[in-house]
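Novice: Residues per chain, in single letters:
There are 2 protein chains.
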Amino acid sequence: MGKILMGPKTLIYPMPVLLVGANVDDKPNFMAAAWCGIANSEPPMISVAIQPHRYTHRGIRENLTFSLNVPSVDLMRETDYCGIISGSKANKVEACQFSVFYGKLNNAPLIEQCPVNLECKVVHILDLGSHSLIIGRVEETHVSESCLTDGKPDVDKIKPLIYTTEPARQYHALGEVMGKAFSIGRELTARK
Amino acid sequence: MGKILMGPKTLIYPMPVLLVGANVDDKPNFMAAAWCGIANSEPPMISVAIQPHRYTHRGIRENLTFSLNVPSVDLMRETDYCGIISGSKANKVEACQFSVFYGKLNNAPLIEQCPVNLECKVVHILDLGSHSLIIGRVEETHVSESCLTDGKPDVDKIKPLIYTTEPARQYHALGEVMGKAFSIGRELTARK
Numbered sequence: 004m005g006k007i008l009m010g011p012k013t014l015i016y017p018m019p020v021l022l023v024g025a026n027v028d029d030k031p032n033f034m035a036a037a038w039c040g041i042a043n044s045e046p047p048m049i050s051v052a053i054q055p056h057r058y059t060h061r062g063i064r065e066n067l068t069f070s071l072n073v074p075s076v077d078l079m080r081e082t083d084y085c086g087i088i089s090g091s092k093a094n095k096v097e098a099c100q101f102s103v104f105y106g107k108l109n110n111a112p113l114i115e116q117c118p119v120n121l122e123c124k125v126v127h128i129l130d131l132g133s134h135s136l137i138i139g140r141v142e143e144t145h146v147s148e149s150c151l152t153d154g155k156p157d158v159d160k161i162k163p164l165i166y167t168t169e170p171a172r173q174y175h176a177l178g179e180v181m182g183k184a185f186s187i188g189r190e191l192t193a194r195k
Numbered sequence: 004m005g006k007i008l009m010g011p012k013t014l015i016y017p018m019p020v021l022l023v024g025a026n027v028d029d030k031p032n033f034m035a036a037a038w039c040g041i042a043n044s045e046p047p048m049i050s051v052a053i054q055p056h057r058y059t060h061r062g063i064r065e066n067l068t069f070s071l072n073v074p075s076v077d078l079m080r081e082t083d084y085c086g087i088i089s090g091s092k093a094n095k096v097e098a099c100q101f102s103v104f105y106g107k108l109n110n111a112p113l114i115e116q117c118p119v120n121l122e123c124k125v126v127h128i129l130d131l132g133s134h135s136l137i138i139g140r141v142e143e144t145h146v147s148e149s150c151l152t153d154g155k156p157d158v159d160k161i162k163p164l165i166y167t168t169e170p171a172r173q174y175h176a177l178g179e180v181m182g183k184a185f186s187i188g189r190e191l192t193a194r195k
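Listed in order, the protein sequences are those of chains A and B.
To convert, count from 1 in the first sequence and add 3; that's the numbering used here.
To convert, count from 1 in the second sequence and add 3; that's the numbering used here.
Since the hints were derived computationally from the structure, they do not count as laboratory data.
Some clues are possibly wrong.
Because identical chains share one entry, a pair is satisfied inside a single copy or across any pair of copies.
Said to hold, decoys possible - Below, computed lysine-lysine pairings styled on PhoX-like, alpha-carbon distance capped at 20 Å:
1. Lys-30 to Lys-155
2. Lys-12 to Lys-107
3. Lys-162 to Lys-183
4. Lys-124 to Lys-160
5. Lys-12 to Lys-124
With the hints as constraints, model all of the structure from the sequences given.
Specialist: Dropping the structure here:
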């Protein structure tokens, strides 16, 4: 089994698809983002990498708040649109027919149609070169009632999107369950 | 459509599953991680959140290098095992029968069986509370020749794992392709 060197720019792994929200000049705007990751658990924090020239970036710097909204497969077109078009050129909320609401933070816009919405307060902004890595403390999570089963969020109802880049940039549905985490590996403990 | 408040600790979105590698006392060790995200494109950087008491964390601090390895679905048991057991208690390389190799950095161990391997140099370590957010510059990417199609990495051959937490912590396969990114959203531009 041979290995091929691909150079450092081949960042191949499955990524979540999210819509980052911020008020810009007091108006809600959203951009698509896949470069996100959980950064901390106590307190809960999340990171998102955004280019400084982006319209949404301006809103995040202005308010030091933002939101992360998890779109379902049904919102794939709207999500992709929010990744193509700049908020400086179009009213994306109108074009996507998003119903916007606000939660605890008052100025981090949330999308009603997205099954999961996180409200975040900026705690760090790291300028790393092409992107700012924005680290936000999660202040509240909203989940659509229709996506709960027995009171718990249910990924089969949330139907999130996954983004991959190779061999082409595309959106995937989440696939079948393969095994229980923190459990199926115990088979190896027995084997040892 | 109502929303339910879940509190800030409900970090619900699909996450990639990776194996983070580091040499600890000159011996290769790997831990499973899902709290990763791309942090920058020029130069390419990636972040991973790791608790400071973890054995792998010690190795990363010692060498200021680490690797990210993308396991395929076939390595689910081994991957989960690497998330359950500490390297201070077991030789995980042996238990998982990993073939370890080194690339450009000499001391960031890579797993032959994983279709994709990233070699990273630490550029920042942010202590955020429970976790350190480790930001690494990607120095090289290795891809298994068997996972290429026409010389390009092919996600259908890589078969990565996805991790979700709700309603239960579980591993998924990647699902079907739903649409082309930076393309399918143009339908809304036309609609406007």
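Novice: None of the hints should be skipped; say for each whether it holds.
Specialist: Here is how each hint holds up against the structure:
1. Lys-30 to Lys-155: neither (32 Å within a copy, 42 Å between copies)
2. Lys-12 to Lys-107: between (39 Å within a copy, 15 Å between copies)
3. Lys-162 to Lys-183: For Lys-162 and Lys-183, both the intra-copy (19 Å) and inter-copy (17 Å) Cα distances are at most 20 Å.
4. Lys-124 to Lys-160: Close neither inside one copy (28 Å) nor across copies (39 Å); limit 20 Å.
5. Lys-12 to Lys-124: Intra 30 Å, inter 14 Å, cutoff 20 Å: inter-copy only.
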